[in-house]
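Asker: Residues per chain, in single letters:
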Amino acid sequence: MNFDALIEYITNTPLVWLLLTLGSFKLGIIIYEKCNKHTLLQPIIISYVIIMSVIFMTGVSYEEYFKGVEIIHFFLGPATVALALPLYNNLKHIKSLFLPIMITLVVAGVFSILIAVALLWALDAQLPTILSMTTKSITAPIAIITSEQIGAIPSLAVGFVIITGIIGALLGTAIFKVMKIKHDTSKGFALGVVSHGIGTARAIEISEKAAAFSALAMGLSGIFTAVFLPLIIQFLKG
Amino acid sequence: MLKGIITLLVFQFLGECIAKLFELLVPGPVIGMVLLLIFLIIRKSSFASLDTAVFIHLRYLPMLFIPAAMGIITQIDIISKEFWAIFTALVLGTIIALAFCAKLMDYLTIKQESKK
Numbered sequence: 001m002n003f004d005a006l007i008e009y010i011t012n013t014p015l016v017w018l019l020l021t022l023g024s025f026k027l028g029i030i031i032y033e034k035c036n037k038h039t040l041l042q043p044i045i046i047s048y049v050i051i052m053s054v055i056f057m058t059g060v061s062y063e064e065y066f067k068g069v070e071i072i073h074f075f076l077g078p079a080t081v082a083l084a085l086p087l088y089n090n091l092k093h094i095k096s097l098f099l100p101i102m103i104t105l106v107v108a109g110v111f112s113i114l115i116a117v118a119l120l121w122a123l124d125a126q127l128p129t130i131l132s133m134t135t136k137s138i139t140a141p142i143a144i145i146t147s148e149q150i151g152a153i154p155s156l157a158v159g160f161v162i163i164t165g166i167i168g169a170l171l172g173t174a175i176f177k178v179m180k181i182k183h184d185t186s187k188g189f190a191l192g193v194v195s196h197g198i199g200t201a202r203a204i205e206i207s208e209k210a211a212a213f214s215a216l217a218m219g220l221s222g223i224f225t226a227v228f229l230p231l232i233i234q235f236l237k238g
Numbered sequence: 239m240l241k242g243i244i245t246l247l248v249f250q251f252l253g254e255c256i257a258k259l260f261e262l263l264v265p266g267p268v269i270g271m272v273l274l275l276i277f278l279i280i281r282k283s284s285f286a287s288l289d290t291a292v293f294i295h296l297r298y299l300p301m302l303f304i305p306a307a308m309g310i311i312t313q314i315d316i317i318s319k320e321f322w323a324i325f326t327a328l329v330l331g332t333i334i335a336l337a338f339c340a341k342l343m344d345y346l347t348i349k350q351e352s353k354k
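Protein chains in written order, with my numbering: chain A, 1 to 238; chain B, 239 to 354.
Derived by calculation from the structure, the hints in this document are not laboratory data. Treat the hints loosely; a few may be bogus.
Here are the computed distance ranges between Cβ atoms for each label pair [claimed, not checked]:
(1) A:V107 with B:T290: 33 to 39 Å
(2) A:L27 with B:I280: 39 to 45 Å
(3) A:G151 with B:D315: 17 to 23 Å
(4) A:M52 with B:K258: 32 to 38 Å
(5) A:N12 with B:I314: 22 to 28 Å
(6) A:F235 with B:C255: 24 to 30 Å
(7) B:K258 with A:E33: 37 to 43 Å
Among the chain A residues that face chain B by a calculated CB cut under 7 Å, a handful are [unchecked claim]:
(8) I44
(9) V69
(10) I72
(11) A79
(12) V81
(13) A82
(14) Y88
(15) A108
(16) L123
(17) T129
(18) I181
(19) K187
Counterexamples of contact, computed for chain B against chain A with all Cβ distances above 10 Å [as the list claims (entries may be wrong)]:
(20) M239
(21) L240
(22) K241
(23) C255
(24) I256
(25) K258
(26) L259
(27) F260
(28) A286
(29) S352
Even glycine gets a Cβ: it sits at the ideal position worked out from N, Cα and C.
Make the full structure from the sequences, and use the hints.
Answerer: Laid out in structure tokens, this is it:
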């Protein structure tokens with residue numbers, strides 16, 4: 001038996017990191033579903049904790065880990081393109097409330113970025129943090145590629161995206177009650193604009209209409225932000 | 239399903255090519271997404287293998303951003319230094335944005351309904 005060859009193989013193959021990532025995510029899904037899909041127990045959070053512990057225990061660098069799982073990262077591209085289908089399926093709802101949808105998309109989309117940036121600026125945060133906060137309300141795949149584009153830190157950006165999604169999903173219903181929101185369409189749309197996919201998962205529990213408007217909002221605000229944010233930031237930098 | 243996967247990859251490829259050719263700042267995959275949306279609107283329907291390919295990609299979507307998200311371990315400095323600014327911006331920012339967005343949409347919807 002050649003233990004040296006075995007250890008040599010295990011420490012060099014990307015298979016270990018791929019298996020760890022896929023396996024821990026599967027475990028995350030199992031725990032999430034066992035706990036009635038509690039918002040705080042998102043599969044990615046469980047997976048995060050497991051992978052992070054292994055990385056710290058083995059002392060592997062992030063670059064080494066990333067190299068091993070780069071193939072997973074690659075699929076963010078086709079997954080972004082895939083978002084066109086749910087958007088297409090919900091596009092029929094746009095006609096009934098065209099003006100409210102378009103105005104809310106632009107005004108609330110810009111407002112939600114500005115309020116977060118203003119809070120960070122007032123509390124003395126640095127530029128990389130502020131830039132990484134600008135994509136917090138859009139769906140993670142678009143947030144990652146857009147944050148790369150604008151010179152933000154993608155990993156911070158994803159973290160902010162996930163936390164924004166969770167906060168919105170946890171507090172949404174209470175906020176709508178306090179604000180006396182009448183229409184399910186407004187609730188769904190707000191959850192989609194602010195809390196993307198995690199908000200949409202929550203909107204499904206409000207009603208089918210809310211879910212449709214949330215999916216619509218998530219797709220539209222993803223495109224809107226990815227198109228205009230890099231332009232505005234380049235203009236500000238230039 | 240292969241046809242569906244090829245469709246997604248072709249649209250991503252087209253999007254990236256257009257972004258490079260015209261020096262656009264919009265990320266290539268997002269252009270691909272818009273192109274696929276236009277394609278579906280013109281075609282007036284999706285097809286089974288695209289449905290399957292999309293389902294598989296979106297079902298495990300959160301898993302796809304683990305590699306990028308793990309980079310957070312290299313940002314512990316920033317997070318610990320600016321923890322309270324980040325915390326406030328995320329919590330307060332999300333609450334205010336949700337309240338504002340829902341109220342605005344509700345107000346505009348009610349206004350449109352009363353016009354009819």
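Asker: It remains to establish, for every hint, whether it holds in the given structure.
Answerer: Here's how the hints hold up against the structure:
no.	hint	verdict
1	A:V107 with B:T290: 33 to 39 Å	holds, 37 Å
2	A:L27 with B:I280: 39 to 45 Å	holds, 43 Å
3	A:G151 with B:D315: 17 to 23 Å	holds, 18 Å
4	A:M52 with B:K258: 32 to 38 Å	holds, 35 Å
5	A:N12 with B:I314: 22 to 28 Å	holds, 27 Å
6	A:F235 with B:C255: 24 to 30 Å	holds, 25 Å
7	B:K258 with A:E33: 37 to 43 Å	holds, 42 Å
8	I44	holds, 4 Å
9	V69	holds, 5 Å
10	I72	holds, 5 Å
11	A79	holds, 4 Å
12	V81	holds, 4 Å
13	A82	holds, 4 Å
14	Y88	holds, 4 Å
15	A108	holds, 4 Å
16	L123	holds, 4 Å
17	T129	holds, 5 Å
18	I181	holds, 5 Å
19	K187	holds, 6 Å
20	M239	holds, 13 Å
21	L240	holds, 13 Å
22	K241	holds, 13 Å
23	C255	holds, 13 Å
24	I256	holds, 13 Å
25	K258	holds, 13 Å
26	L259	holds, 16 Å
27	F260	holds, 13 Å
28	A286	holds, 12 Å
29	S352	holds, 12 Å
When held up to the earlier numbered hints, the structure conflicts with none and fits them all.
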